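Heads up: the protein sequence lines correspond to chains A and B, in order. Quick note: the first sequence uses our numbering, first residue 14, plus one each step. Quick note: the second sequence uses our numbering, first residue 14, plus one each step.
Treat the hints with caution; some may be incorrect.
No copy labels: a pair is met if it fits in one copy or bridges any two.
With a cut-off of at most 20 Å between alpha-carbon atoms, the simulated SDA-like pairs for lysine to any residue come out as follows [stated by the list, open to error]:
no.	residue 1	residue 2
1	166	219
2	166	214
3	259	305
4	234	170
5	234	65
6	235	338
7	166	410
8	166	185
9	259	28
Hints listed in this document are in silico derivations from the structure and should not be mistaken for laboratory results. These numbers come from a predicted model, not from an experiment.
There are 2 protein chains.
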Amino acid sequence: MTKEILHQHLQELHTHLIDELLPFWTTRTIDEVNGGFVTHFDQYGNDSGEDEKSLIAQTRSIYTYASAHRAGYGGGALAELARHGVDYLIGTMWDEEYGGFYWMTNRRGEVTNDQKIVYGQSFAIYCLSEYTLATGDLRGIKYARTVFDLLQKYATDTTHGGYFEMFLRDWTLKGPGSAGGDRKTLDAHMHLMEAFTTLYECTRQSIHRRKLLEVIDLLTKKIMHPVYGTGIPQFWTDWQVAPQIKFDVIWGWDRFTNDGVKRAAEDNTSYGHNVEFAWLLLHALTILEIPHEVYHDQLRKSFAHAVDHGVDWKFGGVFVEGSHAGEVYDREKEFWQQAEVLIGFLDAYRIFGDERYWQAYENVHRFVLDKLVNHSVGEWWPLTTRQGDPIWTHMSHSWKINYHTVRSMVQSIQRLDALRVISR
Amino acid sequence: MTKEILHQHLQELHTHLIDELLPFWTTRTIDEVNGGFVTHFDQYGNDSGEDEKSLIAQTRSIYTYASAHRAGYGGGALAELARHGVDYLIGTMWDEEYGGFYWMTNRRGEVTNDQKIVYGQSFAIYCLSEYTLATGDLRGIKYARTVFDLLQKYATDTTHGGYFEMFLRDWTLKGPGSAGGDRKTLDAHMHLMEAFTTLYECTRQSIHRRKLLEVIDLLTKKIMHPVYGTGIPQFWTDWQVAPQIKFDVIWGWDRFTNDGVKRAAEDNTSYGHNVEFAWLLLHALTILEIPHEVYHDQLRKSFAHAVDHGVDWKFGGVFVEGSHAGEVYDREKEFWQQAEVLIGFLDAYRIFGDERYWQAYENVHRFVLDKLVNHSVGEWWPLTTRQGDPIWTHMSHSWKINYHTVRSMVQSIQRLDALRVISR
């Protein structure tokens with residue numbers, strides 16, 4: 014890797030972010046009538062009309078605009094956009110009676126699903142902390158802290174540790190099975206780590222630090238595979254591995270068979286998730302001021318599994334998922350996994366100095382810019398064939414939105430920039 | 014056991030409670046000058062002058078007076094006494110800045126130890142819930158709920174489950190070793206079960222029910238011995254058994270060697286504690302409306318260990334402690350263990366119908382009334398030789414106080430009364 018190559022990659026990302034990605038959103042997402050954001054767009058970038066505002070999409074949008082503003086983009090306009098989102102989030106999605114944010118409203122702001130889902134609450138903490146860090150508006154951190162307190166009171170399992178995920182409006186734990194009340198997941202805990210990191214960055218309170226350290230302990234000691242260091246998606250309450258099922262309240266767009274079961278439900282791991290976990294852990298350690306060497310074994314395993322088994326050296330990008338030992342199950346390409354491995358492979362290259370991480374980065378970088386970006390409108394195709402032909406074609410819906418794509422560009426640019434300084 | 018014998022025992026307890034025990038306290042404990050209670054008395058019942066008001070002694074006093082009032086004693090005077098204690102507890106021992114109750118003040122109400130000790134907070138929840146149940150004064154349950162929320166936020170270990178115990182004023186976890194920050198104990202968890210039971214009895218809130226069920230799960234699955242069903246005093250954070258040590262902030266009057274270590278620090282269990290645990294569990298199940306049959310195996314083991322190994326059939330009473338398998342280490346007699354097994358043996362007799370529990374009850378009953386009660390002043394000797402001669406002679410100090418003795422009389426009378434109805 015030469016300075017020229019580095020510069021060229023940096024330029025490509027910068028151009029995509031400034032000329033394509035951010036304009037896609039700033040020109041169409043504000044709901045001037047009802048407040049908050051419109052988050053459903055088809056392949057042409059037209060409003061596809063779904064009558065919903067999800068907690069995930071609203072909070073991820075706030076994160077996107079606040080973090081891009083904090084990174085120096087938008088000249089103030091993105092901070093205003095974030096503020097517009099926070100007004101809706103606090104004003105319309107907050108439950109004044111029981112506390113916490115509702116899961117779903119329609120576009121007019123009427124609550125259509127009043128459940129309290131930890132995944133969504135974690136994004137509220139994440140975006141509201143980021144928002145205060147970016148703008149100084151203290152409303153953000155006030156609500157972030159309140160949600161943190163609610164999770165400690167209602168969501169923790171004081172028998173086995175960790176957090177339950179699925180609650181009714183009044184924070185009563187939901188039932189077993191697809192209701193989700195008898196399971197714990199990698200997803201929720203990883204996003205709590207992400208959220209508590211930014212919460213702690215904003216408050217520097219010792220309780221936020223301690224709970225961040227505790228969730229890191231859980232992830233590294235119980236949730237990641239003891240041999241392979243890869244993520245295990247679902248557990249029973251007592252941390253025995255549970256077969257991966259689809260929940261009634263979904264937050265992602267994972268593919269399941271028609272009966273809601275994964276093909277290899279008990280030996281399944283996602284390449285992009287593992288790399289996302291590893292770079293989020295690295296970031297947490299930076300904020301905590303803990304040397305990353307303490308977690309080298311975990312980091313190495315999570316990064317290496319994706320490079321060794323997940324990268325498609327023939328057609329580019331990373332596959333969807335496979336076994337912990339290495340067999341690939343699903344060779345299609347999901348947008349968010351590409352977004353996360355861009356950041357993660359650059360981190361891996363920085364801390365391990367191994368050229369194959371740069372090659373993996375380059376590979377995915379090319380796949381993203383040549384295949385995944387729908388350049389005519391500016392956002393990314395959500396799912397493609399192994400070769401890069403779109404399978405799903407929406408530019409956004411309640412779960413896709415812009416957190417992965419914009420964060421990937423902002424964070425990758427920062428990392429390429431840092432590498433450029435070092436390589437001078 | 015005949016109706017006459019039952020009646021005779023009932024009368025003896027009633028006479029002791031009404032004529033000796035309650036008057037001991039009502040005539041001397043009120044601090045009219047500074048508020049709260051004086052809780053240090055020598056063997057003659059004279060104020061022994063120690064300049065301290067401990068969270069334990071103040072909260073246990075409130076519990077004693079409130080619960081005795083709820084049980085029908087005192088004609089209103091005990092409720093007034095409880096109110097006097099609550100005024101001091103809330104007015105002087107509450108930390109307005111960080112929340113929670115301070116560990117120690119002097120008699121004038123100046124804070125001398127501002128640490129937040131979970132053991133003490135659990136007694137605050139217990140007594141304040143009991144106080145509201147007894148008097149209807151909602152200040153009690155308001156503070157009880159707030160302390161519950163603080164414990165969920167600051168004291169839980171979200172990695173391994175359970176509660177840490179030792180915190181600085183601002184709820185920063187204390188360090189390892191004798192500071193206690195790296196250990197978990199049977200004591201704290203058992204008293205949290207006791208506290209959450211009365212909290213739930215008062216509020217009937219589902220979160221209080223759930224956290225009570227979780228702590229019961231912890232106790233029965235991790236804290237009680239997997240084979241013997243007996244209590245293991247101390248654990249490391251990850252629930253590995255830890256050698257029993259003396260903490261810097263002590264709450265009891267346990268005997269240790271001069272270096273603060275127990276003789277059999279890793280194979281040690283207390284007969285009275287096990288029986289106290291079992292009857293508190295039974296009581297929790299009653300409040301939860303869960304049939305006690307669900308926990309029969311646990312209950313049987315905890316009760317049977319004390320009867321099989323702890324009862325001194327020669328000199329009366331129960332010994333201090335021994336191994337889980339049965340060997341007795343310490344044949345002296347502690348007051349609180351006698352108090353707790355009276356209640357527990359009556360419960361065991363009721364649910365198992367086994368005559369040996371009655372015999373054990375009778376044995377301890379006689380030992381208490383013939384040896385342990387200092388009839389000339391009305392309270393119990395804290396520690397005697399195996400034969401029943403006093404070793405320690407104070408009638409009260411910060412850790413002894415009246416919760417064990419008065420509760421034992423109130424609860425045993427209720428149980429004897431219920432047996433009398435059945436035996437008619």
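Hint by hint, here is what the structure shows:
With identical chains, the CA atoms of residue 166 and residue 219 are at most 20 Å apart both within one copy (17 Å) and between copies (12 Å). Proximity of residue 166 and residue 214 under a CA criterion of 20 Å is satisfied inter-copy only: 19 Å between copies versus 22 Å inside one chain copy. Proximity of residue 259 and residue 305 under a CA criterion of 20 Å is satisfied in neither setting, with 34 Å inside one chain copy and 36 Å between copies. For the identical chains of this complex, residue 234 and residue 170 are neighbours both inside a copy (17 Å) and across copies (14 Å), given an alpha-carbon limit of 20 Å.
Within a single copy, residue 234 and residue 65 get their C-alpha atoms no closer than 38 Å, and across copies no closer than 44 Å, so neither meets the 20 Å cut-off. For a Cα distance limit of 20 Å, the shortest separation of residue 235 from residue 338 inside one copy, 18 Å, qualifies, whereas the shortest one across copies, 33 Å, does not. Neither within a single protomer nor between protomers do residue 166 and residue 410 lie at most 20 Å apart by alpha-carbon distance, with minima of 32 Å and 35 Å respectively. For the homomeric pair residue 166 and residue 185, the shortest alpha-carbon distances inside one copy (12 Å) and between copies (18 Å) are both at most 20 Å.
In this assembly of identical chains, the alpha carbons of residue 259 and residue 28 never lie at most 20 Å apart, being 38 Å within a copy and 65 Å across copies at closest.
Checked against the numbered hints given earlier, the structure breaks hints 3, 5, 7, 9 and satisfies all the rest.
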